[in-house]
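Colleague: Sequence:
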Amino acid sequence: MSGLPEVRGKITENRLLADLTWLRVGGPADYLFQPQDVSDLQDFLRDLDPSVAVFPMGVGSNLIIRDGGLRAVVIRMGRGFNQIEVEGNRVTAGVAALDAHVARKAAEQGVDLTFLRTIPGAIGGAVCMNAGCYGSYIADVFVSAKAVTRGGELVTLTADDLNFQYRQSDLPGGWVLVEATFEGPSGDPEELSARMQSQLEKRDATQPTKDRSAGSTFRNPAGFSSTGRADDVHDLKAWKVIDDAGMRGARVGGAQMSEKHSNFMINTGDATAADLENLGEEVRKKVFENSGIELQWEIKRIGEYD
Numbered sequence: 001m002s003g004l005p006e007v008r009g010k011i012t013e014n015r016l017l018a019d020l021t022w023l024r025v026g027g028p029a030d031y032l033f034q035p036q037d038v039s040d041l042q043d044f045l046r047d048l049d050p051s052v053a054v055f056p057m058g059v060g061s062n063l064i065i066r067d068g069g070l071r072a073v074v075i076r077m078g079r080g081f082n083q084i085e086v087e088g089n090r091v092t093a094g095v096a097a098l099d100a101h102v103a104r105k106a107a108e109q110g111v112d113l114t115f116l117r118t119i120p121g122a123i124g125g126a127v128c129m130n131a132g133c134y135g136s137y138i139a140d141v142f143v144s145a146k147a148v149t150r151g152g153e154l155v156t157l158t159a160d161d162l163n164f165q166y167r168q169s170d171l172p173g174g175w176v177l178v179e180a181t182f183e184g185p186s187g188d189p190e191e192l193s194a195r196m197q198s199q200l201e202k203r204d205a206t207q208p209t210k211d212r213s214a215g216s217t218f219r220n221p222a223g224f225s226s227t228g229r230a231d232d233v234h235d236l237k238a239w240k241v242i243d244d245a246g247m248r249g250a251r252v253g254g255a256q257m258s259e260k261h262s263n264f265m266i267n268t269g270d271a272t273a274a275d276l277e278n279l280g281e282e283v284r285k286k287v288f289e290n291s292g293i294e295l296q297w298e299i300k301r302i303g304e305y306d
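Counting in full-length UniProt numbering, the sequence shown runs from 1 upward without gaps.
Treat the hints loosely; a few may be bogus.
As a list, the in silico EDC-like pairs of lysine to aspartate or glutamate whose alpha-carbon atoms are at most 20 Å apart [what the hints assert, rightly or not]:
1. Lys-146 - Glu-282
2. Lys-202 - Glu-282
3. Lys-210 - Asp-270
4. Lys-146 - Asp-161
5. Lys-237 - Asp-270
6. Lys-300 - Glu-289
Each pair of labels, with its calculated beta carbon distance range [as the list claims (entries may be wrong)]:
7. Glu-108 - Lys-202: 18 to 28 Å
8. Ala-53 - Asp-211: 29 to 39 Å
9. Asn-163 - Gly-253: 35 to 45 Å
10. Leu-236 - Asn-14: 15 to 25 Å
11. Pro-172 - Asn-14: 21 to 31 Å
12. Glu-281 - Glu-108: 40 to 50 Å
FYI, nobody ran anything at the bench for these hints, they're computed from the structure.
Idealized CB from N, CA, C, for every residue including glycine.
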């Protein structure tokens with residue numbers, strides 16, 4: 001590719017991204033780079049013109065890419081980054097390893113990371129978003145992570161470096177996570193397996209798991225004792241304030257707030273990214289008018305408007 005470094009992985013120009021996201025919307029990226037391994041990624045970032053924007057992308061489970069696409073190199077990790085290793089109570093996983101696979105592999109070895117079982121997406125996104133469920137967060141089990149800087153240096157990050165907060169962390173722009181290590185409590189494999197099965201049944205009963213969605217659309221509003229950190233109180237639920245504002249089932253074009261769970265936005269089949277984002281903003285407006293609560297997006301929105 002003209003102007004881009006030589007790589008051992010794969011570079012695709014003007015790559016449409018809609019099929020790489022769970023919501024199936026979005027325009028093209030200037031380039032999509034799929035590195036073969038960590039050293040391939042290091043070399044690419046080191047030699048890439050510093051003025052070229054990069055965007056690390058996971059499995060697109062919590063993402064709206066706008067219809068105009070991305071003027072950037074999107075970096076997407078594949079098989080070279082999905083390893084899972086368990087040693088004692090520590091679990092090290094590549095950023096492309098699915099959260100559910102990490103939870104299952106850990107449980108088989110008697111390590112309790114069961115909260116990851118029902119979280120959509122891969123480990124890279126889970127770390128960046130400080131993903132959590134059932135009162136547990138990535139920050140609670142995090143040991144360290146490895147990342148490649150925009151200049152191509154491989155560094156090790158601690159929890160202090162990432163400054164975990166509710167549904168977010170402070171990974172510097174342009175840095176790309178490659179793996180993370182967690183430490184969970186011990187547990188009986190059979191009991192852990194049964195717990196995960198129960199979680200799955202509860203999820204399927206309450207969430208639109210068969211529809212095209214990106215998980216929770218908005219963060220739960222902070223409680224009275226909130227400090228902005230991972231142990232915040234978020235007893236007030238986003239779905240409740242959405243319901244109170246009369247927005248369960250609301251639609252814009254092909255986008256709809258799910259009738260089954262009103263904090264899930266779904267693509268009913270022909271939604272554009274604009275439909276989804278406009279619906280979300282309409283929900284935020286109605287909730288604020290009804291309750292004075294300003295909902296914050298949990299789904300990441302990036303790219304240019306069409």
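Colleague: Starting from the hint list further up, note which numbers the structure goes against and sort them upward.
Modeller: Structure breaks hints 1, 2, 5, 6, 10.
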